[in-house]
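Q: Following the hints, position chain B against chain A.
Top to bottom, those sequences are chains A and B.
Per this note's numbering, the very first residue in the first sequence carries number 114; after that it's consecutive.
Per this note's numbering, the very first residue in the second sequence carries number 483; after that it's consecutive.
Derived from the structure by calculation, the hints contain no laboratory data.
Quick reminder that beta carbons are idealized off the backbone N, C-alpha and C, glycines included.
One thing to keep in mind: the hints can contain errors.
Said to hold, decoys possible - Computed from the model, here is a short list of chain B residues facing chain A with C-beta under 10 Å: (1) P807; (2) P819; (3) G826; (4) V828; (5) F844; (6) N856; (7) A857.
Unchecked claim - List of simulated lysine-lysine pairs, DSSO-like, C-alpha gap at most 30 Å: (8) A:K328 with B:K902; (9) B:K531 with B:K700; (10) B:K823 with A:K328; (11) A:K241 with A:K328; (12) B:K823 with B:K902; (13) A:K304 with B:K823.
Residues per chain are reported as follows:
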Amino acid sequence: MSIAEDAPPRKTGFRFERWAPLILLVGAFVIYVGIALATDQAQYLTFDNLIAILGRSIALGITAIGQTFVILVASIDLSVASLISATAVLASVVMDGSPAMIVPAVLAAVALGGVVGVTNGLVVSGLKVNPLIATLGMSLIIQGCLSAFVSNFAGEVPEAFQVFAYGEVGPFPLALLFLAAMAVIAWAVLKFTKFGSDMYAVGGNEEAARFAGIKTGRIVVLSHVICSVCAAIAGLYLASRLRSGAPWIGSDGVYDLESIAVVVIGGTVLAGGRGGIWGTMAGMLIFSLIDSVFNIAGVDSFAKQVLRGIIIVAAVAFYAIRSKRIVA
Amino acid sequence: MTDPVIEMRGITKTFPGVRALSDVSFDVRPGEVNALVGENGAGKSTLIKILSGVYHADSGAVHVGGEAVHFAHPVESLRAGIAVIYQEFSLLPERTVAQNLFLGREPRTRFGLIDGAKMRAETKEVLALFAAAGRIDPDRTVGELDVATQQVVEIAKAVSTGARVVVMDEPTAALNEAECEELFTTVDTLRDRGVAIIYITHRMREITRLADRVTVLKDGEVAARFDAVPAPDAIVRAMVGRDIEDFYAPPATPEEIGETVLTVRGAGNTVLHDIDLDVRAGEIVGLAGIQGAGRVALAMALFGETPFDHGEVTLNGAAVSFRNPRAAITGGVGLLPGDRKSEGLVLMQSVRDNGMLTSRAFAPLWASDRRNANADTGRMDDLLDHMEIRAASYDQDIRALSGGNQQKAIVARWLSMRPKLLIFIEPTRGIDVNSKAGIYHLMRDLAREGAGILMISSDLPEVIGAADRVLVMQEGRITAEFGHGASEQDIMHAATGEGEVAA
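Isolated chain A, as found in the complex (with noise of 0.2 Å):
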């Protein structure tokens, strides 16, 4: 007999973990509106300030979505930093300037984005390699190799191109609404495709998975290339925000360590086979809105990096008691 038999039944309806983030989400805008009110601030609680808020996120929530992918299937990319860079250099390096070349450029950059993903996705479904390692190595790899070539921006991305990043449409920046389609767009495959489904599977139980006639190499493969495509198109966002690419941008941004935690704290469990995209949105939402907190507050940037690891560390104890409560 197992513990769960002796459990008693657990009730439906209001599931604690599916609206988590959207709670943390409300606490942190809470204290958002709170401390802009208390500092005497006000001019921060505008409509534009919340949109530059968001604006600022969009290459991490772009990141975000993919690495949501990865870790439903209990797998994990470190390499997204490296990659984003690489990307980012690429494309400007093959556009150079020349409105021409933007096709060629982005199709390049999603191209390595696959290359990166199959590679990943085949070293841990095929090689058995665990994922920190396969993709710690895989980020190593790119960064060396991007270094060995460049070491400072290159190339230069057209003013049509910078439409990614500038363009406004109304008052929404295009970025936004991008990031907000990406994020529709991977909702509804998780969702409503066999592909989703399949992934939600792998991630909650491969051995069954496989027994059921689901091809787990090839899911965790999948997952892989859109994690890594993603960080593709993080790196041609951040490309045309900075008008060129440079070798460290990625990793100046922490894109992997922080898409990690905005997908973690969107309350998708590293073990894999629970969450999804709205929880991972919440959490780059909660990431913005605190680090606005202590823009206005005037927290010292250190003290805010302090801050952010308790959070982080904290967001994530506060699931495992609540989880660990379901079960026993």
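A: Below, chain B without anything else, positioned relative to chain A:
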């Protein structure tokens, strides 16, 4: 008569919304085996958890050796001499037998270092009590030992800590016949040494063989207490509250058996040799044999997980050679794995999602309910209804369900694929008596609807009772075949290839 070493009086325990135990009294004396039986959910585990300090009773008293105790933590019950052997062992697989036995209380030399020689010597001393002693080297890593031997180590660990009471929670669940016999000898040894044993089991044969007294729990209350082992029927009646009629479904009549669904000729791989096998529509073929005889390997070969590397397999008249489970499923094979939790279920998903695992994997890319049967949740709900699964809702996490209901959800998963051949591996492992009967009847219904069924089981009475034909495997070969109604002795004889049969 000696005084009880454990005496539990009027134990009541309530979980939110459920009364798990009400006014349960239970005792066990030194040198006796008190069999604690009951269906899943009857409260056996809760009672043991209260005894070992994992849970606290709402009311009632626990006396150990005549003194009232209030264990706040499992460590305290261990110190009081109560050792619980759970189904999942608490051994460290990467450490040696000696290291495991003395975990946390390693003998020291006068320099404060671990005294390896003394540890090994004492380990040998403790192991000498058990029949398996000759096989166990104190320096072997536990992970290298088979399950039965690991269990001996676990029990030896309890003995070496000076346990006066040993609780065994379905200890034979993972053992084959010969290993069970060895365990029974071990239990006898403990009893002779004056240890009190609480033995939790579902199997009547073990009760008859081992128990001095029997306590039956039902719905959190003591349903019956026997001071001597009664006839199995009396125990079953007390467990389920009524007679079980037609425990096994009747065997197939000749008219029910149809065309040959599966034919295997001269097939093999590294562990299987010269496999010839026929399974016809409407029949249940049992596969018996000791652990490692190749039964599961045969199932995995048919299912494409570890394929045959030579020989011919014909399914529904077409030659097939499945290289992976997905290909096998496409070809019309279904498999219910032996370890539900690690191979069958996605525990954190709902009952419905678990049922749809396979059909969704075969749905087209954009699968919506209305457009594709493989994504039709309504159809799955009908199947789950048909299986009479007891769940608060099909949206409930499947881990909260009983073993029997979990198994039914996996059956529903396969039904949705309409397989021609269904392979059941240990279909009733860890399932209570009532649900077992349900699974047997379900298998028979599936056969009647035209599926060929191959059933692998280590429970001999089950193979004999539920199958129309029994094949016996030994060392990767099919060595014997029996019709319905073969005796346990005949099958054991064929399975072990020995003249002497341990019945």
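Q: Return the status of the interface hint for V828 (chain B): holds when the least beta-carbon distance to chain A is below 10 Å, violated otherwise.
A: With a minimum Cβ separation of about 3 Å from chain A (threshold 10 Å), the hint on V828 (chain B) holds.
Q: Was the hint right that P807 (chain B) lines chain A, CB cutoff 10 Å?
A: Result: holds, 6 Å to nearest chain A Cβ.
Q: Verify the proposed pairing of K241 (chain A) with K328 (chain A), using a straight-line Cα cut of 30 Å.
A: holds, 15 Å
Q: Is the hinted pair K531 (chain B) and K700 (chain B) satisfied, with a Cα-Cα distance of at most 30 Å?
A: holds, 17 Å
Q: Under the criterion of a CB-CB separation shorter than 10 Å, is F844 (chain B) in contact with chain A as hinted?
A: holds, 7 Å
Q: Minimum Cβ distance from N856 (chain B) to chain A below 10 Å?
A: holds, 8 Å
Q: Between K328 (chain A) and K902 (chain B), is the straight-line Cα distance small enough, at 30 Å or below?
A: With a Cα-Cα distance of about 21 Å, the restraint between K328 (chain A) and K902 (chain B) holds, given a limit of 30 Å.
Q: At a threshold of 10 Å, is the proposed contact between G826 (chain B) and chain A supported by beta-carbon distances?
A: Hint on G826 (chain B): holds, closest Cβ of chain A at ~5 Å, below 10 Å.
Q: Just to be careful, I want the Cα atoms of K823 (chain B) and K328 (chain A) compared with a cutoff of 30 Å; is the pair within it?
A: holds, 20 Å
Q: Please check whether P819 (chain B) passes as an interface residue: C-beta within 10 Å of a C-beta belonging to chain A.
A: holds, 5 Å
Q: Mind checking the alpha carbons of K304 (chain A) and K823 (chain B) for me, to see if they're no more than 30 Å apart?
A: The hint holds at about 25 Å.
Q: Between K823 (chain B) and K902 (chain B), does the CA-CA distance stay at or below 30 Å?
A: holds, 25 Å
Of the numbered hints listed earlier, not one is contradicted by the structure.
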